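Start from the sequences and build out the full structure, keeping to the hints where you can.
This is what each chain is made of:
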Amino acid sequence: MSSSGAAVRAERLTKRFGDFVAVDAIDLVIARGEIFGFLGPNGAGKTTTIRMLCGLILPTAGRIEVLGLDPSRQGEAVRQRIGYMSQRSSLYDDLTVVEVLDFYGRIYGLPDEERRRKVAGWIARAGLVGQERRLVGTLSGGWRQRLALGCAILHRPELLLLDEPTAGTDPVQRREFWELIYRFADEGTTVLVTTHYMDEAEHCGRLAFIHGGRIIACDTPGAIKQQAGLPTLEEVFVALIGAREDADA
Amino acid sequence: MRRRLGAIILKEFVQLARDPRTLAMALLMPVIQLLLFGYAITTQVEHLPTIVFDQSQTQESRRLLERFVHSRLFDIRARAASAQEIERAIDRGAMRVGIVIPPDYAAAVQAGRTALVQVIVDASDPLVASSALSTARAIGQSASLEIIARRLGRAGLARQALPLDVRTRAWYNPDMRSVNFMVPGLLATILSLLTLMLTAIAIVRERELGTLEQLVATPIRKAELMLGKILPYAVLGYVDITLALLIGAYWFKVPIRGSLALLYTLTLVFYLATLGQGILVSTVSRTQRQAMQGAFFIFLPTILLSGFMFPREGMPVVIQWIGYALPLTYFLVIVRGIILKGVGVAELIGQIIPLAILGLAFFTTSVIRFQKRLE
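Chains as they are written, first to last, in this note's numbering: chain A, 1 to 249; chain B, 1 to 375.
Derived BS3-like pairs: lysine-lysine, alpha-carbon spacing no greater than 30 Å straight-line: (1) A/Lys118 <-> B/Lys372; (2) B/Lys341 <-> B/Lys253; (3) A/Lys118 <-> B/Lys222; (4) B/Lys372 <-> B/Lys222.
Pairwise CB distance ranges, derived in the manner of DEER restraints: (5) B/Gln293 <-> A/Leu58: 25 to 33 Å; (6) B/Gln293 <-> A/Ala61: 30 to 38 Å; (7) B/Val239 <-> A/Gly43: 42 to 50 Å; (8) B/Met25 <-> A/Phe20: 38 to 46 Å; (9) A/Asp19 <-> B/Pro301: 31 to 39 Å; (10) A/Thr60 <-> B/Pro301: 35 to 43 Å; (11) B/Gln293 <-> A/Gly62: 33 to 41 Å.
Since the hints were made in silico from the structure, they are not lab data.
Being a predicted model, the structure only gives us computed values, none of them experimental.
C-beta atoms are modelled at their ideal positions from N, C-alpha and C, and glycine is treated no differently.
Structural data, given as structure tokens:
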């Protein structure tokens, strides 16, 4: 569909809030079917970048192409083909599990029969059986996350944008969550995920280290470690950031 | 389009049903306020506590005081032994009116001289004072007439008819029940507050909870989101107006003379304006607190300048202009006109057109201002 065939393409993408440069002229290409990770500390510009890709905020400068479309001009068309899970994975606490899934199914325009089938399918796949009538506000972190993911994927998006989807969950829940994500990738969905868990970063096909609004390294986890000559991503990360802060000082 | 709009509306109703506080506010507030203010807000002035310094202590002075009591405006609660005592009682706020009758009152009346009677009124509240003052003057005049007639009779002259007779007619509300005037006004005002506040909060609450971010990242269109947020509150508003009308008609016995169908139709035009205002507030507010403050910023002038509390005719021209920008100004005339006077479209067209223009203006501005973005 896109001339480039890339799921995401950003050139010199910049976002300023007043004097503060949240995202500083980043270039990015994410191929279709890839699991791409954004790794970086809080305030590095990960969320701002994802929001620009969804068309939720407008870039100050630069170009973006998502699935061959411009999200700031063709917002609705882009949003029909992407799934987005925001950082706080905010769901309506006063709706039940089924009601929330049904709500997003309708919002994405699924026909009734298909919606019912997909909602039931996700409840089974995400291990939410028996929780259908529970209010979302009473669910534990892991269940909430899988529910939020379900809301974002009911319409079979081509690109899934997950902003810190596993924040506040335990390692077992993280592993279960990642198994779901691998399944989507196997089915051809492109996944862009932000995290600050290093163990999670290892799951990604390619990684971008983001710091101070810039991409300071971008490659496969293996290549990044090899280049730096360090055994773990965590050590590479600490070394890279340390080097930058020394350069800034 | 219909599926997405329906999804929002359905969700709003389910959430409303699970939120007893908002539901109570939306359904009980009009009932409680109408019952409370229907009694409390009255423009009728009666039974003002009155202290009397009667230095004459004669049949004549007592006859004059009886006139004051018969007017129902003055309640003689105390007798003073000096002018200072009256002053102190009014200073303390214990009494609102003081009447001083001079020692030579009876003698003067009988001798045909002018008797000086003093009526002192606490004019801190001008509304109360003006009706006390004019009633006191009227009592003085009719008492004078009676005294003159008696003197003429004693002088052997025949009684004459009064040279002038002004007959007054109170239309639409012949018993001058202030509740008849207040209830339609209250109804319009309460609707205005509810629709404004509920819509203002409806969108800001989602912004605050973070659910708006998730929602704007879906293909839902701006118009669907706004309509879906507004329609449930318009329905709720109709439940409210129905409750308020039932209370007005059956509890306060306010006669409903006009067409309810017309009232309900024009209410929709009014909602267009107030719901538009609500969305506007929600587009400039980040938190529910700001939205509440914004709603009150609009609501206060609405109450004070629309003619709900004070007649607009007495306001300075500039203030009257502000009133023209308030939807309630027109809706009040419409509600009072339909309920009290039983008038129709022909009589109300001068209100309907500006209300529709305001409604369209507020609504269009809010549609333009409302962005499906987070910035």
